[in-house]
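Listed here are the chains, written in short residue letters.
There are 2 protein chains.
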Amino acid sequence: MDPILTGLLKPRSIAIIGASATPGKIGNTVIRNLIDSEYKGGVYPVNPTAVEILGFKCYPTVNDIPYVVDAAVITVPAKFVLEATKQCGEKGVKGLIIITSGFAEVGDVELEQELVRVAKSYGMRILGPNIVGTLSNSDKMNASFAPFLPLPGKASLVSQSGALLIAMDAGTYTRRVGFDKMVSIGNMSDINFSEMVSYLSEDPDTNCIALYVEGLRDGPEFIEAARNCKKPIVVLKSGVSAHGAAAAASHTGSLAGAAKIYGTAFKQAGVTQATDLNDLFDRTLALSLQPRMKGDNLLILTNGGGVGVLATDSAEKYGLPLHFAPADVQEEMKKHMPDFGSAKNPVDMTGMAGNDWFYETTRSAYSHPWVDGLVVLYCETAITLPEEIADAIYRGIKDSGITDKPVTVSFVGGERSDKAMEWLVERGIPAYNAPDVAVKAIATLRDDQRMQDMNHNGSYAPGDINPAAARDIIASARAKGRDALTEVEAKQVFSLYGLPVAATELASSEEEAVKLAESVGYPVVMKIVSPDILHKSDAGGVKVNIKSSEQAKEAYRTILENAHNYKADAHIDGIAVQEMAPWATEVIIGSVNDSTFGPTVMFGLGGIFVEVLKDVTFRVAPISVEEALGMEDEIRSAAILNGTRGESPRDKAALAKVLAAYAYMVYDLKDEIAESDANPVIVYENGQGVKVVDARIILTKKY
Amino acid sequence: MDPILTGLLKPRSIAIIGASATPGKIGNTVIRNLIDSEYKGGVYPVNPTAVEILGFKCYPTVNDIPYVVDAAVITVPAKFVLEATKQCGEKGVKGLIIITSGFAEVGDVELEQELVRVAKSYGMRILGPNIVGTLSNSDKMNASFAPFLPLPGKASLVSQSGALLIAMDAGTYTRRVGFDKMVSIGNMSDINFSEMVSYLSEDPDTNCIALYVEGLRDGPEFIEAARNCKKPIVVLKSGVSAHGAAAAASHTGSLAGAAKIYGTAFKQAGVTQATDLNDLFDRTLALSLQPRMKGDNLLILTNGGGVGVLATDSAEKYGLPLHFAPADVQEEMKKHMPDFGSAKNPVDMTGMAGNDWFYETTRSAYSHPWVDGLVVLYCETAITLPEEIADAIYRGIKDSGITDKPVTVSFVGGERSDKAMEWLVERGIPAYNAPDVAVKAIATLRDDQRMQDMNHNGSYAPGDINPAAARDIIASARAKGRDALTEVEAKQVFSLYGLPVAATELASSEEEAVKLAESVGYPVVMKIVSPDILHKSDAGGVKVNIKSSEQAKEAYRTILENAHNYKADAHIDGIAVQEMAPWATEVIIGSVNDSTFGPTVMFGLGGIFVEVLKDVTFRVAPISVEEALGMEDEIRSAAILNGTRGESPRDKAALAKVLAAYAYMVYDLKDEIAESDANPVIVYENGQGVKVVDARIILTKKY
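So the sequences go chain by chain: L and V.
703 is the number that the numbering used here gives the last residue of the first sequence; the numbers go up by one with no jumps.
1703 is the number that the numbering used here gives the last residue of the second sequence; the numbers go up by one with no jumps.
These aren't lab readings, by the way, just hints derived from the structure by calculation.
Among the hints, erroneous ones may be present.
[As the list claims (entries may be wrong)] Heads up, incomplete: computed chain V residues facing chain L, CB under 8 Å, no partners named:
no.	residue
1	1163
2	1212
3	1277
4	1305
5	1381
6	1434
7	1639
[Stated by the list, open to error] Calculated pairs, EDC-like style, for lysine to aspartate or glutamate (alpha carbon to alpha carbon, straight line, at most 16 Å):
no.	chain 1	residue 1	chain 2	residue 2
8	V	1547	V	1510
9	L	652	L	586
10	L	91	L	64
11	L	614	V	1615
12	L	230	L	205
13	V	1614	L	615
14	L	419	L	388
15	L	260	V	1316
16	V	1260	L	316
17	L	154	L	203
18	V	1154	V	1205
19	V	1398	V	1360
Heads up, the beta-carbon is just placed ideally off N, CA and C, and yes, glycines get one too.
Isolated chain L (complex conformation) (with noise of 0.2 Å):
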């Protein structure tokens, strides 16, 4: 752990800069907070007027502390806060906590640069500016405006809102989810969230770290903190609508992605994305308090058909549909209900359920095998008390003597199964108050043991190639002053990067192009190359299936005099001949330069379902082939590619391999390709490859 974040998040000691006197002011708040958090630190005022405040010494300037200081929190107005900064440098301050805000956030990013440069040079990291602090269960401190501590648990939260933070530190104790730390990010001006994933991976006083995200700063180095994080990570994502999106973007003057490619990078990193707010809570709780799931075999215990119906539909829109359980479990289960109950899964013990009967079940079941996963769902009736079967259940659990899967419960009631609910969460067990909920909460342990086994271990690298020779291309395009690469130029990269292209050779004159044709091979088809012209059919620049030497002349007049019509001033580079790829499946490889994650491709199914269906996946580059098939199998029309109406299953293998090998060629130039696409790829079937039939590249902006 990096012992400056250290000094910052858990320090020894904290000056407050704008320490004030008056009750009310944030310099006066975050003393009485500290105090009433028994923060056993230094704590130390600094105001250039005042003795004392609130029982501790006052201090006129960091510098005239007597003492080693971690931590400065820093409340004085924007205007004051670059000179403070430079005063806590002299005194060899660790880390800043920086509440005041007018930086970015309103426009002024400038000093807010010089704040981090600052600070920066003389070694110091900043939380901030513009957050409510910091806080934490386990260092009893709260360095925040916030009024209290949180319900004290094994989570931990950070948080890109200052506003939220702090409702959702009260609603900590009324949800009862608990936490050990909460952090306000603020700006992100130096401290980010990758930062704080890899810092809170390793603290061990959180079992998972929940993100409230407008949007993110580091997009590749999230990525890659969150897949090397040891700990269940959950994200609260907002600004995914629109309109939403706007929002955001003025809301604290970062630049909010676009939700889908969010969404993509999330699962790439292993990162659950929350819906909503209690969403948020109610994941964070399971993710908290319980093991991952290793299997998909859960089995649900009732004492309500209801709602055990109700879970079985949860457990098939989470992604864990049922299956039932084996006759010996089933045989056990039997001796705990009556006749008409039924032992399969659901086991519903019906509403003659007493305590025996969820102790035993829910004994014998965890403990058995075959059981991955466990729901407990109780109905408050006439005949139970919702506290004896708490206790029950809790019994049942840790008699088992099993402690490496998970359980969650559902106690549907009033009061009385709210009370017992919260007792079980005390104990571990995470416990909501509606059967989905509870599902949902299970489905999202196996969702992160699922995240877990995928294999992000190395991207694919095309052997055998050229980027040096690709670099020039692109180089002698921009020297003609270019910012896209004609059709023949984007074909020689994808080339050069191991792309099967479909032989394509720039003709200059009639008698080249039927030399190349003859060399390709009939039937070829001819295309203007111009980079004036991007809409080569429009312009009635394109002819296919030609066939002889003849046909070839008079494409090559032909198109050249579309061209000419079509746009008199084009410049022609000259005309390209192909050879004609026969007919297969159509998809669609591209790529954009994601302001947040950088270099993404996308996959989909040519033609109308691209057009109509949008039908498409991304994934950030780079990506291996396992992830690559990966893509070809989550389109909705991913049935096409396995071969439908009579049709033979097309070259996933070989698809994969290219669609891989694309994001190593945008990855590896991504200082280069601000946009590109293969559009159409062809796909023939199983042992007959891919080829890439036409070509795009948009050059990155170069000032």
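Take the given structure of chain L and dock chain V to it, following the hints.
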């Protein structure tokens, strides 16, 4: 309102048959509950041996009661229920509340049917059997073994699961969602959901009807009752997963229909479908307290940017995307926020917002005509008190003088926020602990209005049809022992219901084939017609593009030969000669006779859209042309019909008429048609109409 139902649900006197002096017995609990709920009507325990139970005089039989008995609660064991029913009939009891279980749900269907027969012979109605009972706050009546009356309110619940009713009853207090009535409907041997909906539609104490449904038994009646219902209806339908549906079927002995058709039917009936138990409570709260939302202009007020963005995302998710507020609204809002606030929408007053700003923005926004609905969000801050903010919002709403548009609220915070929200709910303002839920709640009020606005009046009835002739064709096929029509017969039936089929005639000889081909006009298609050959192409039984009499003769011979080789003993009706419809956009129309809702039409694009993407939509028949247009627009590939990739728009108007006529046909022939297909149907460009190229009708089984 049906006076017998009123007698059952709001009885002035109740006999308890199976009354018991033993605490814990249901026959004792019901009397205890009537006492505890302060029921003011007559309570007459019936028990052959007891003299008095819980202070009430006991009667040996119901006939010995010297007063009028409106309802009898029956708790005696199943084998005595029939006798008790007869005695109630003799006594002149109006309604039976049969709590006893052990009927259809355990397989004893006959006993249950006998019960209904006997009750009907006396003019009595039955609630149950296998129920918890019925509860009503406005009647101060807990005639059930659920422990207490629910939190008073303006929603009423009808539940097919007794256990869930009991659990929800207790949950009304912790979730602060008030109910007037809770009715356990159990096996629905007699009174079913449609009757309860009709009854509660007239009930002055009910504003919103909440249903928990495992499987309807009265699909078409339910749709009718729901359409005529004056109040919002929200349903939680369980058993929507494959596995869940199986569990539902075994649970209450009712057959669960396919989830997709249920979803369609609910939408057609104007019923909101809740996704889970919390969602049921959330939506019920809003629908029972607030008016419907008349337009799409939602304004969001907030003191926290983060929750504002979350709410914005949610608005898009729930079909109410935000628009920027008009200039005059923004101007007014700006008066109540600092410079760095935002007046657009969401209106972000920032964390500086106090009581006055909340009051002023709420009042002026709510009374502005542009605003159709208002969501007020509050994040607990250090400078405000939740109870004061709640008061400010409440006053703002009240002082606006507006009562015909909805408002919902979310406070994110701790216990004080929860208390403040409780206070608001008591004053009729729905409040939720997460911003997205407050948005979902107002969106449900908008959706309910949208469903009201749908025109259900009158289904389309095609003119110039001949149902009698169609029935003759079917009868003649049945007379031959067949349970499917041939293509030619099916097309004749289609045609008699006004559907535009490709002209098809049956030839029995080469010469006849030539004659028919000439009358249809070349080119033609020729196809084998045999009840024993369903897959005509596989049998080599289809020849297309026949252009001359020679080709027609040859085709006739070849098809017969192929059919013989394919299945030597196949009965051959002849060979169909069909107009060769030019190709255009291919769609599929079909129908199933759903076990719950009856004839239901399906629509989708043909080929891969149906086979791979399962991109189809359903409507319970009959439908209007307007609804048919809705079907065309709601498939994922809808854009294809509008013309993509350079194609002209398809004739959607003609297609809608065909869809509506098709629905009319399968509805009119619902006793005859089990399943049907028009596949493919070719849709031409605007004004050019539609042609049904192939047809199939499977008949209902009749014994």
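Structure-based check of all given hints:
Here the hint on residue 1163 (chain V) is kept, as its CB sits about 4 Å from the closest CB of chain L, short of 8 Å. Checking residue 1212 (chain V) against chain L: minimum C-beta separation of about 7 Å stays under 8 Å; hint holds. Given hint, residue 1277 (chain V) at the interface with chain L, holds; its Cβ is 4 Å from that chain's nearest Cβ, closer than 8 Å. Hint status for residue 1305 (chain V): holds, given a least beta-carbon distance of 4 Å to chain L, under 8 Å.
A hinted interface residue such as residue 1381 (chain V) counts as satisfied when its beta carbon comes closer than 8 Å to some beta carbon of chain L; here the least separation is about 6 Å, so the hint holds. A cut of 8 Å between beta carbons decides the hint on residue 1434 (chain V): the least distance to chain L is about 4 Å, and the hint holds. For residue 1639 (chain V), the interface hint holds, since its Cβ comes within 8 Å of a Cβ in chain L; the closest pair sits about 5 Å apart. Among the hinted pairs, residue 1547 (chain V) with residue 1510 (chain V) is consistent with the structure: their alpha-carbon atoms are about 15 Å apart, no more than 16 Å.
Taking the CA atoms of residue 652 (chain L) and residue 586 (chain L), the gap is about 13 Å. The hint holds against a cut of 16 Å. With a C-alpha separation of about 9 Å, the suggested pair residue 91 (chain L) and residue 64 (chain L) falls inside the 16 Å cut-off, and the hint holds. With a C-alpha separation of about 14 Å, the suggested pair residue 614 (chain L) and residue 1615 (chain V) falls inside the 16 Å cut-off, and the hint holds. With a C-alpha separation of about 13 Å, the suggested pair residue 230 (chain L) and residue 205 (chain L) falls inside the 16 Å cut-off, and the hint holds.
Taking the CA atoms of residue 1614 (chain V) and residue 615 (chain L), the gap is about 14 Å. The hint holds against a cut of 16 Å. This hinted pair checks out: residue 419 (chain L) and residue 388 (chain L) have alpha carbons roughly 11 Å apart, not beyond 16 Å. A threshold of 16 Å between alpha carbons decides the hint, and for residue 260 (chain L) with residue 1316 (chain V) the separation of about 15 Å falls inside it, so the pair holds. Between residue 1260 (chain V) and residue 316 (chain L) the CA atoms are separated by roughly 15 Å; this keeps the pair inside 16 Å, and the hint holds.
Taking the CA atoms of residue 154 (chain L) and residue 203 (chain L), the gap is about 10 Å. The hint holds against a cut of 16 Å. Restraint check for residue 1154 (chain V) and residue 1205 (chain V): the C-alpha separation of about 6 Å stays at or below 16 Å, so the hint holds. At most 16 Å may separate the alpha-carbon atoms for a hinted pair to count; residue 1398 (chain V) and residue 1360 (chain V) meet this at roughly 12 Å.
The structure shown violates none of the earlier numbered hints.
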